[in-house]
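Line by line, the protein sequences are chains A and B.
So the first sequence is numbered by my numbering: it starts at 1 and just counts up by one.
So the second sequence is numbered by my numbering: it starts at 10001 and just counts up by one.
Fair warning: there could be bad hints in the mix.
Said to hold, decoys possible - Examples of chain A residues lying across from chain B (beta carbon under 7 Å, computed): (1) Q491; (2) N665; (3) G678.
Stated by the list, open to error - Which residues of chain B face chain A? A partial, calculated answer using Cβ under 8 Å: (4) F10038; (5) S10088; (6) N10202; (7) K10370; (8) P10392; (9) T10393; (10) A10396; (11) K10498; (12) A10529.
Derived by calculation from the structure, the hints in this document are not laboratory data.
Fair warning: this is a prediction, and the values are worked out from it, not measured in the lab.
Ideal placement from N, C-alpha and C gives every residue a C-beta, glycine not left out.
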Amino acid sequence: MLMFLLKLPASGRQRPATSLLAKCKRIVLFIACLQCLSVLAYSQITAQGKVVNESNSPVAGVTVALKNSTTATTTDEAGNFTLRLPSANAVLVFSSIGYTTRELPAGTNMSVQLQPLNNTLGEVVVVGYGTQRRVSVSGAVDKISAETIEGKPVANVSQALQGTSPNLIIQQRNFEPGQGLNINIRGLGTLGNNDPLVVIDGIVGGDINLLNPTDIESVSVLKDAGTAAIYGSRAANGVLLITTKKGRKNQKPTLSYEGIYGITHPEIMAQPVHAWENAYYKNESLVNSGRQPVYSASNIQQIAAQGDGDWRLSSILKNAAQQNHSISIRGGGETNTYLMSFGYLNQENNFIGPNYGWKRYNLRLNQSTEVGKFRLTTILSYVKSDGKDHSSSTGTLTVDASRVPLLYNFQDSLGRYLTNAVSSEFNPKAILENGGYRRYNNDEVFGSFTGELSVTRDLKIRGVFGGTVRSNQTFGRRMQLSFLPGGSYGQDREVYDDNYKSLLTNTQLIAEYKKRFGFHDVTLLAGGSNESFKSEGNSIRKTLTDPTFGIPTTGTVVDPNSANSNQRTSESSLSSLFGRAGYSYNDKYIGEFSFRYDGSSNFPKEGRWGFFPSVSAAWRLTEEGFLNNFRTHVGDMKLRASYGMLGNQNVSPYQYQTSYFNYANAYGFNNNIVGGAGFTLGNPEITWEKATTANIGLDAELLRKKLFVSFDVFDKTTSDILVARDDVPALFGAGFPNYNAAKVRNRGWETSITYRIPGKTFRHSFNFNIADNKNELLNYTFGAQEQVLRKEEFEFVRRVGLPITVYQGFRRDGYFQTLDDTKTYAKPANATVVPGDIRFKDKNGDGVIDDQDKYILGNPFPRYTFGFTYNINFKGFDAQVFIQGVGRRELMIRGELVEPFHVGYSGTMYTHQTDYWTPTNPNAKWPRLAEAGSPSNQNNYRTGSDIYLFDAAYARLKNVQIGYSLPVSVAERAHLKGARIYLTGQNLATLTKLDFIDPENSEFGNNTSMGASANSGRAYPLPVFYGVGLNVTF
Amino acid sequence: MVRIVFRSVVFFWLLVGVLASCKKMDLTPTDRFTELNFWESGENVNNALNNVYNRMYNSQLFFYNEALSDNAYTRLGISSGFPDVITSGSFTTTLARFIDEWNYYYTGIKAANIFLDNVDKNKTLDAPTKERMKAEVRFVRAFHYFKLTNWWGDVPLLKTDISPDDAKTIGRTPKAEVVKFITDELDAVAAILPTNVQYSANDRGRITKAAAKALKARVLLYQGNRMAEVVAICEDLMNNQSANGSYSLVPKYEDVFSPTNEYNSEVILDLQYVPNLRTWGEYIDFAPLSAGARSNNMAPTQELVNSYVMLNGKRINETGSGYDENNPYAGRDPRLAATVVYNGATWRNANGTTQTIYIKPGSDPDASAKNEYKASGQGTATGYYWRKYYDPTATAGFNSGLNLILIRYAEVLLMYAEAKNALGQMTQEVWNKTIRPLRVRAGFTDPAALSFPSTGDLTAIIRNERRTEFAMEGLRIDDIRRWKIAEQVLNGWTHGAKFGDPSVDNGYLRVQLRNFDPSRHYLWPVPAAELGKNGNLSQNPNY
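So here's chain A without its partners, still in its complex pose (with noise of 0.2 Å):
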């Protein structure tokens, strides 16, 4: 069907075409022939060479060119070429990107050195639906280009962006294997997801962590609406446009291997205090609160003398081995290029127990087949994720195995599994070790097929059909498990799985047409396109099955919360006409137009389109006349600014329909199970959330050329902005849909700064990027202006003039020091404190302290977000340092890691809580010990406040490398093209205030979500990784 659609425009324009050409040729041909006449020289000669690098390396794919002519190839992976030329007094011209061009006289034995160009502006950029020359972008777009992923050590590619991209914020509050990522461009900006959109290789929907980070060429970040309105609907959350690497034309085969090896360490911060000493804290906890001491000082002397056990976090981690390898074979002739590569992950988890961890394998045939002026790209790529893990929850196995004191063993000398009085039922080891697993088995199946026929030289029409087919399935099973003396595991024999299939499909339809008149440069495009997507789902779940095989016994029971695919099905489709005009004259002033028409069917019909449109336009001063002087001696700048609406309609189907659903087991009668039935409220007037952007940046070379720098300001309003109206009582009696209410104003600068210094032996670079962006909610829902959600101890709150989502609680005011102050001091109504007990700011002063008296304590989401790296380069030999944080942000954890024996659950004080408070103590970081259900640990930890407050600010050495690559003669002798080994380490050390639990943990998502848990910072520990690896081409 689509090359029948491509065929017909094609066939109407072959002959003139073809004909002008050929008139052209001829030409040519006799104004060479008459050239080769006057010199009376032979008819053709063969140039031939190799071109290197600063540093001698051959470089590849460069284009050398006649001069004035079409003739022309690109060099090999050895930096050879070989051309056929009419006249050996011809001009070659060697262009490569990234590379000045250079002219030199035809030769038979070249060797040509090119010098990097050290101009960004010259690159190219992938934009939407195309590609754009650097010079002439005129938005906000962030490239960033394979080198910056090679080396680390990374599970996926969004471990790998980490901190690359000034404004490209990702989090990674969970480091367990298969655990995804929190990743957003310039902050939040709306209430709901904020998520940006992924485009893989022009797809949309991809998942960026199925990628293997080897096959990565470039990705583009797409932050404002000048680059962005061509994805209108789904762009207010900004873009990442990723490519993949492509065979080059004319390019032998050429092999390469990357590997990398290296193990995981865990790093555990909270360590519980020597068993011994916790005896006498306890004591202490009791006896301030009115109770007898547990331990005489004969217990505490035997405890002491019998040491610790071994019930402890670090019993149930190791370390782990983490590996990945890609091999990948490119090359391409006259008219194809292609690249096969295969890349393996295998991340153990550092859980103990049977082979827990994720695997993945990538395979990916990226290949283009050219036929006259028709062009066929495919793209076809297979990723299998396999899984395993505990069946338990990693945080309830954290706590069980770290809040125990460490007068406990798991296991007594027999190797039976034992329980204590803190853990009550559970032992974390044995529920790793026997306690069951989940298995999952993940497979993408991505295509895209793009027939692009060149109708003139400047016209370009494209047909791309796409999907992706993705089918996933997670098998689950618990095991039953008997501890001693007491308690038990899995006693539900529970089986399970749970499939899911989905299938997206795009189509599009784009005419390019490029073309310069003398100075003035322009470039349509036009498209359409369809992406429909279906997903459906199943849940097989049983109980009390087999012990041994998980097969239906007696007594097996069918989990209502089965599910068929009926009634996990979602579709939804979008609809789309897009365009986009550049207009640049001279390189020098630069103007852009885009827009989306988008439809989708989340929305109802009168709602349902929406229209995108942005405006950029760049001036690049320094090409003026009267700056020259300035452009000598100083470099080459540009202005640019755009201005445009964007959309977000990450919202699911059907919520525009009220609706009534049946479900299971809502009662019963005379013992029999009866059904039920509820009702989802609809809003019928649902509609798109439009964000109004604009920004303002600017991109200067500086220094000849030595210092790159770029700034970008933006702000941002979104309005209509979804969220569940909260402006009604809850004696309404039901929960809305979402309604198109709140509006947030986004507004924050970034800026990159590269200096590099070239020398022959010593080559660094330095980059440096770093953005803060701050949101403010200016309407909430239908007039009201906040939400306070109580979470444990302490508030979320939403509100008018504040940040998305803040937290929210009471300030401490130092301790009562005497009995005279708790006489005098405000405390909370009915309170009984002591000396010892936290005293809380009574913000309004009237004595008492009440919900008046909470403050806005901080914002969770990160702010002043960095990165650093640092190449230097001497021979062979590389090094490069990248360092990665946050400048601040603030997180607000509780339970046991703050609160000493955390409400009669914990039973251990750790390390950094031994700073209490005592008379003789009286400025302590923590407040008087107290028992659970006394005043004073009702005053301390149960009123919440700034104590669970803490500064997450951080700066962690994220990735080094140091490497040595092979001297080119090395190498050739060994039949090599390159070879590069390396030691990496990920995660090595990290600088923060926080002495307990990583920085990056948070309980929030990317939206701040007032669903979200207090958090009790009960996570997987970070991994510190070692290893090396292996770089070899063939």
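Given chain A, work out where chain B should sit, using these hints.
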């Protein structure tokens, strides 16, 4: 050339248009009804009714309300609706419990109102069936209003489904008017609902005529000044069983709550659970740890234990009671052992074997001493565990399908006794119809306990009988509040067993310091979030 370009452009946009519009955009869910077609089906109407039942009440409220009273203590109130914070007296109007429970009842009221507003759209069910279904729904709605008005006094009274705008402007209806609505509704539905005899066996668990009458009696009893009406309803239920359905005491107290005895003759209204399919699981935090409990999250207080009289009918502190503080559980009201697990009690395991529960520190011959009281750890905080509602047939994790009784016939008897006494009409005859049969059934044999007390405070005796008969059934906190005794019984230290320092409170464990301010705590605060959204809602005094 121009023509070709023009043709191509037109063709291109045509193609784009076709491509963009070929996909269907009006998509509907595959598993749901619309407002229009839902009520057409009788099955759906039945399901909507079941949904109303589903939202009537729940096991967490049923059990953990005990910890709001002087009968129990919970230390992990976060997971059980914050009863510990409420009893500490230092709570604010933003406490999650208030908005959660308010929301719970109004969600149930909405489900009921939507049912009542729409059920007549159905044309397949016959009129009497629809009337009965409506009566069931109206009962549940009255039940919600009764709960609401108990906690908050004046509350918004919604008789039909309301719009969001209504919800933002509606004010509180005076309590008297809400109570009138409840009693009128209960009168109306009592006239429609079948009796427990009239319902077929498959309908056991549905709301009956007697349930409507008994609930009305309880509503009136709580008002304190309508005792004559209470007397009339109770007499009707006791004497006119041919019209109201047949009810009697189960011969053995423990059997009332046993899974083998569901739907027994004493049950007037119970929450329905079905083994494996619809279960409650609170018991995993109530039982002795050696019986398979996870931890102890609610434990009986010493004050509750003390309230059980001796077998001779005397309070433990009365002269001649024979109470021995060093052997405190001997010679006590047998309902104590049926309700509370104390040190040395015998526990019958699910498999029929028995074990002795050692709670006193240092008493357990087994080194692990799982049940022993410890100042820290997962065991009991008071030195007691619960026994009532233990379901030996529950599946692993104490997931039980045992019905939870909301109203039972014993309460009709005790309401009758209390109302008669309040009217000054407590006589031997009344005693012999009420407390005597309850004590006989409990296992008392001593005539001193069974016969009408010629001396003593009859009010105190009847109130104490109510406390011990219904401990762990959620009634105590209501009684404390309507008798206005909270400032006496919910202030100061709550205690556990005598395992503590003898110099402090005579060795009885101090478990929680409680605080009750009679100037405000008799009514809960209207949730702060509600006041912010509806300017016409007023707050209760002194919040």
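(message) Hint T10393/B vs chain A: min CB-CB distance below 8 Å?
(response) Cβ of T10393/B sits 12 Å from chain A, so the hint is violated.
(request) Go through the hint on N665/A and say holds or violated, using the shortest Cβ distance to chain B against 7 Å. (result) This interface hint holds because 5 Å falls under the 7 Å limit.
(request) Tell me if Q491/A is really an interface residue toward chain B, meaning its C-beta lies closer than 7 Å to one of theirs. (result) holds (3 Å)
(request) Have a go at the K10370/B hint: is there a Cβ in chain A nearer than 8 Å to its own Cβ? (result) Nearest chain A Cβ about 6 Å off; hint holds.
(message) Restraint: K10498/B near chain A, CB-CB cut 8 Å. Satisfied or not?
(response) Constraint on K10498/B not satisfied, violated at 13 Å.
(message) Tell me if the interface restraint on P10392/B is satisfied: Cβ within less than 8 Å of some Cβ in chain A.
(response) violated (15 Å)
(message) The hint names G678/A as touching chain B; please verify it with the least Cβ-Cβ distance against 7 Å.
(response) holds (6 Å)
(message) Given a cut of 8 Å on the nearest C-beta pair, is the interface hint for F10038/B held or broken against chain A?
(response) At about 4 Å, which falls below the 8 Å cut-off, the nearest Cβ of chain A leaves the hint on F10038/B intact, so it holds.
(message) Holds or violated: the hint that S10088/B contacts chain A, with Cβ atoms closer than 8 Å.
(response) Where the cut-off is 8 Å and the nearest Cβ of chain A is about 6 Å from S10088/B, the hint holds.
(request) Please verify that hint: A10529/B, Cβ, nearest Cβ of chain A, below 8 Å or not. (result) holds (7 Å)
(request) Answer holds if the nearest beta-carbon of chain A is closer than 8 Å to that of N10202/B; otherwise answer violated. (result) The hint holds - N10202/B has a Cβ within 8 Å of chain A, the shortest such distance being about 5 Å.
(message) Let's test the interface hint: is any C-beta of chain A closer than 8 Å to that of A10396/B?
(response) holds (3 Å)
In summary, the structure is inconsistent with hints 8, 9 and 11 from the numbered list given earlier, while agreeing with the others.
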